[in-house]
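Letter by letter, the chains look like this.
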Amino acid sequence: MRALVWHGTQDIRCDTVPDPEIEDDRDAIIKVTACAICGSDLHLYDHVIPAMKKGDILGHEFMGEVVETGRGLNGTLKKGERVVIPFIITCGECDQCKRGFFSVCERTNRNRNLADKAFGHGTAGLFGYSHLTGGYAGGQAEYVRVPFADRTHIKVPDSLTDEQVLFLGDIFPTGWQAAVQADIQPTDTVAIWGAGPVGQMAIRSAILLGAKQVICIDSVPERLEMARAGGAIVIDNTHESPVERLNELTQGKGPEKCIDAVGMEAHSPRAVEQVYDRVKQAMMLESDRGSVLREMIYVCRPAGILSVPGVYGGLVDKMPMGALMNKGLTLRAGQTHVNRWSDDLVRRIEEGQIDPSFVITHRAGLEQGPELYRTFRDKKDNCIKVVLRP
Amino acid sequence: MARDSDGSKSGALARIAPDSRRRPDPATEGLAQGLGWFSLGLGAAEIFGGAAIARWLGKPELTPVIQAYGVREIVTGVGILGTTDPTPWIWGRVGGDAVDIATVLPALEETNPRRGNAMIALMALAGVTALDLVCARNLSEAPLRPSRRVRSDYGRRSGFPESPEAMRGRARDFEPPLDIVGPQAMRAWTSAEA
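Order-wise, the sequence lines are chains A and B.
Heads up: the first sequence at position 376 corresponds to 375 in numbering that gives the first Met the number 0, and the numbers run straight through without jumps.
Heads up: the second sequence at position 153 corresponds to 152 in numbering that gives the first Met the number 0, and the numbers run straight through without jumps.
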């Protein structure tokens with residue numbers, strides 16, 4: 000089969016690789032009908048997430064048709080069924096899964112020892128996202144093996160198109176959980192850093208959940224335009240100071256809720272801070288650039304909430320813990336507990352409250368994947384979201 | 000590859016401001032970043048090794064001048080690496096190159112026993128100047144950011160069936176789980192009027 004394969008830093012190729020096979024009774028094989036390049040895939044492309052190996056198949060946002068099932072699925076999945084696959088692999092049986100904290104499933108990360116060393120305690124297995132999260136083959140491919148398939152799937156109605164439901168596997172629930180974690184109230188101003196795909200979903204989620212005012216901070220014009228279309232007030236941080244503008248929009252009080260939809264490769268609009276972070280990163284004295292986190296902590300209204308769906312991989316320097324502690328801020332972060340929100344979000348798409356396909360800007364075949372990784376990373380050709388059809 | 004040009008089902012056409020910013024290709028961006036790091040390194044070398052460089056050129060009296068140039072290089076490096084549009088800073092480097100060349104040229108005089116070193120320095124300066132010029136020109140000639148048409152298209156992509164204002168609060172039926180948002184007594188900025 001054809002698949003997008005990681006060969007090294009900024010070296011992704013569309014290769015012919017062996018077809019996946021059933022390895023466990025709880026496996027299923029999916030014929031992929033649509034997959035997407037996620038912003039977090041770019042961390043692998045740039046190799047700022049460690050533990051990648053040459054030959055790894057990428058992709059964690061995909062959907063398709065069940066073509067083969069293991070003997071242990073007990074009728075939960077049948078051949079021919081149409082499913083979206085959550086990027087988090089969940090067993091459904093461990094203590095965390097039973098509580099709905101699927102992204103920290105205790106059983107699906109088969110490299111748990113490695114993850115334990117990195118994070119203290121490991122988290123769930125992920126598709127196509129380094130050996131730190133299990134080293135599972137990803138879904139930017141013609142076929143993919145889904146482990147724990149009896150729990151790791153979302154059935155979607157035939158009345159909805161692939162493009163309407165594809166993002167149920169990652170960016171839509173990720174934006175939604177970011178907003179839910181912020182516990183949005185009708186009196187809230189919600190500030191969202193990053194107008195990429197997750198930021199766009201977080202904006203729509205915050206609007207649907209009833210925030211009084213949603214503000215989005217970014218520097219890319221077309222992304223800001225799309226954010227504005229979704230109901231956000233936009234701040235272009237190349238032209239205006241987010242702190243000054245956010246205070247202005249909140250009568251000097253600051254936003255009650257702040258969402259970081261940028262993550263570890265943030266670009267600070269402040270020259271000294273940007274150079275500081277880049278120098279420290281180059282000298283391996285920090286792995287992640289924390290300018291968005293610092294700005295959020297600084298500008299957030301006291302007793303407010305910081306929600307972090309943006310991906311971080313290691314260490315961030317110069318965190319203003321004094322402000323965080325003294326202002327009584329709450330920090331909520333984490334990978335998305337995808338299945339926890341699936342039923343609700345499928346219903347909202349079916350009811351027509353939202354059509355997540357608005358974010359798609361580029362469509363192509365798998366062979367053009369490597370080129371589109373570059374296009375997406377460089378924000379060329381006004382690229383915001385890429386969908387590939389294997 | 001097909002770029003989608005289909006707008007969303009609704010949403011008001013956003014106000015579109017003209018945008019004169021440019022979007023250089025990644026190689027030029029990479030070159031600019033490299034020149035930024037080079038500026039920082041050279042600046043540090045000139046500040047801390049200014050006396051040695053001046054002696055090497057056979058012009059020890061240039062020590063404070065070279066150290067001042069080091070400060071200029073550091074400021075330029077910070078400017079290049081710290082802004083989203085390094086174009087003016089790279090042109091600043093081109094100007095700095097001219098000043099550097101003018102400073103080193105007198106060291107070619109026949110009475111200078113180190114004139115060979117001055118020649119090496121000038122050749123290096125010429126190479127760097129060429130890189131700076133290529134980078135500055137590419138940055139200045141890079142395509143402009145998205146066209147009015149694209150921005151207009153994206154400005155219609157709300158994803159909602161009605162205007163965002165009409166959709167505000169449409170999911171208020173959602174009950175946030177208490178194991179995520181915490182117990183009622185600890186929830187920040189709940190329904191109390193701000």
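These are computed hints drawn from the structure, not numbers from a lab.
Among the hints, erroneous ones may be present.
Quick look at which bits of chain B chain A covers, simulated, 3 or more residues with Cβ under 8 Å [what the hints assert, rightly or not]:
no., stretch
1, 48–58
2, 67–81
3, 97–103
4, 112–121
5, 129–136
6, 154–161
Not the full set, but computed from the structure, chain B residues with beta-carbon under 10 Å of chain A [said to hold, decoys possible]:
no., residue
7, R22
8, D24
9, P25
10, E28
11, L30
12, S139
13, S151
14, F173
15, A184
16, M185
17, R186
18, A187
Here are the simulated distance ranges between beta carbons [what the hints assert, rightly or not]:
no., chain 1, residue 1, chain 2, residue 2, range
19, B, W36, A, D316, 16 to 26 Å
20, B, A44, A, G119, 52 to 62 Å
21, B, V74, A, P301, 34 to 44 Å
22, A, G119, B, E60, 54 to 64 Å
23, B, W36, A, N73, 52 to 62 Å
24, A, S240, B, G115, 31 to 41 Å
25, B, G115, A, D14, 47 to 57 Å
26, A, E247, B, Q183, 28 to 38 Å
27, B, D24, A, D18, 32 to 42 Å
28, B, S151, A, E247, 23 to 33 Å
29, A, G321, B, L132, 44 to 54 Å
30, B, A44, A, D18, 25 to 35 Å
Backbone N, C-alpha and C fix where the C-beta goes; we use that ideal spot for every residue, glycine too.
Hint check against the structure, violated hint numbers in rising order: 1, 3, 4, 5, 11, 12, 15, 20, 24, 30
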